[in-house]
Amino acid sequence: MTDFLELREVNWGTVEDKVLMDISFSLSEGRSAVICGSPDSGKSVLLKVIGGMLPPDTGQVFYRGREVYAGNEEDIKKVRREIAFVFHQGVHLANIILRENLLLPVKYHYPDYKSRQFNQEISYYLDYFNLGNILEHRPAEVPEIRRKLLNFIRAFIMKPRLILVDEPLFNLDLRSQKMVITKLKEFRQQGTSFLLATNSGDVMKAMADELIVMSDGRIEKIINVRESGIPVRIGDLEFSDLVGVEDEI
Amino acid sequence: MKVIVDFWKVLKRSTTEIFEFYLFALDTFRRLLTFSRQKQIGFTVLLRQIMFTGYEALPLISFLALSIGGLIIIQGYNILGTFGQGDLIYVILVTVVIRELSSILTALIVIARSGTAISTELGNMVTNNEINLLLSCGISPVSYLVVSRMVGVVVALFTLTIYFNLAAVFGGWLFSALFSPINFRYFFSQLFSQMTMADILIGVLKSILFGIGIALISSYQGLKVNIASTEVPQRTIRAVVLSIVFVVFADIIITALFYLI
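Same order as they appear, the protein sequences are chains X and Z. With the working numbering, letter number 216 in the first sequence gets 211, and the count goes up by one each step, no holes. Quick note, the working numbering runs 9 ahead of the 1-based positions in the second sequence.
Warning: the hint list may mix true and false statements.
[Said to hold, decoys possible] In silico lysine-lysine, DSSO-like type, Cα no more than 30 Å apart, as pairs:
| no. | chain 1 | residue 1 | chain 2 | residue 2 |
| --- | --- | --- | --- | --- |
| 1 | X | Lys154 | X | Lys178 |
| 2 | X | Lys13 | Z | Lys18 |
| 3 | X | Lys109 | X | Lys154 |
| 4 | X | Lys102 | Z | Lys233 |
| 5 | Z | Lys233 | Z | Lys21 |
| 6 | Z | Lys21 | X | Lys13 |
| 7 | X | Lys216 | X | Lys200 |
| 8 | X | Lys13 | X | Lys72 |
| 9 | Z | Lys233 | X | Lys72 |
| 10 | Z | Lys11 | Z | Lys21 |
| 11 | Z | Lys18 | X | Lys180 |
| 12 | X | Lys154 | X | Lys180 |
| 13 | X | Lys200 | X | Lys178 |
| 14 | X | Lys180 | X | Lys72 |
| 15 | X | Lys109 | X | Lys73 |
| 16 | X | Lys154 | X | Lys200 |
| 17 | X | Lys73 | Z | Lys233 |
| 18 | X | Lys178 | X | Lys109 |
Simulated from the structure, these hints should not be mistaken for lab results.
Here chain X stands alone, though its shape is the one from the complex:
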């Protein structure tokens, strides 16, 4: 059976500074993994390699049997339509308003889209996150916390099969963290796969089927969380538990 996501001996970085070394793992459809490790372990770079931003120097990334960096523009477009990326900071195009920012991937992937349908979805998420009427503003005019939540909305409205999230709780207050985790869990229950780069114990509890532990650009070990549970610590890593997912959500 073809794996949903598969990496084969992926290497990335310069000769002097290898960031990723011989990364190989696979993820089945509907399952989610949390990538953890120290800040310089390469977990964010790994997400960017899978997310189409950093082509590997050697090795391959496959999504549903298709190599993500190979093929023509249309092939790449088909893959990207099904994978969404949430950055650790609220990244938006600075010179267009937030509504255009949210609709950018929609317009690109579905040129004949019905704006009413997407606008309804956007309104739903704006209400859910209590963001108010901010869509006519440019990104620089709204606080970072809101920009970050809008990143999640841009991913959600595309209804992707795989969502890559770099530090999902970074820059969010406690209330927003809870709302984000609740929504991520909902998507997961509906069958969406996730790869999340974080050391947050809350996110691990809520989302992880597997824990991919990285160190110095290599995968140190892969832990099947459903079988062995989430460890309290691995080496120098201590998994924080701020939100209290199990108790409150």
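Using the hints provided, position chain Z relative to the given structure of chain X.
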């Protein structure tokens, strides 16, 4: 020995950069062919580029063109009048303004305004992760940002060059009226009688080539920014210098091909 090693390093770096730029230009032209497929997202960028490079540059171009046209008439009348060759002023106006100055001055203004803006904006987009955002959505930054800017700059530069010619000629007529009031229709009929098809073709060719060169060089330099915002001004300066060198060289080559061969 050290000099040779340094020279070799510079040569290697320059060759690599030229090759990378060649590939970048090739990719841009390839994506130009499919630009219409992405009109939903790229058309707004194109319109904004035309507005900024073309429409918003009109006051400066008007001022410069009227002044240049006037100055050439003043100087021309002074010199040619002494020899009783006042009628040659039309030849000079066509040769200096329409064949040479209009395209090169317009290109220099576009470099100063739009070339710097393009490389700064794209450089900042790299450091702010905006390029990564496009890539994560599957949108090619070259298709979305570079192709639309290149088309916008070419359209704007072409239009501005025509406008510069008209404004300079009008400025020439205004100033010539100061010396000896001259019939508007006579002035223009004399002027157009001196113009050839080559003058028009060369103007069109230059503005298209200059527009492509300025947009490609500025975009390439902007996208070459790696991670630090301090690289942005360095790349912008490089974009300006290389664009000016390109425009002057291209001008010499085109002029030589048209008029000397």
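Open item on the list: Checking each numbered hint in turn, tell me which of them this model violates, lowest number first.
Closed with: 11
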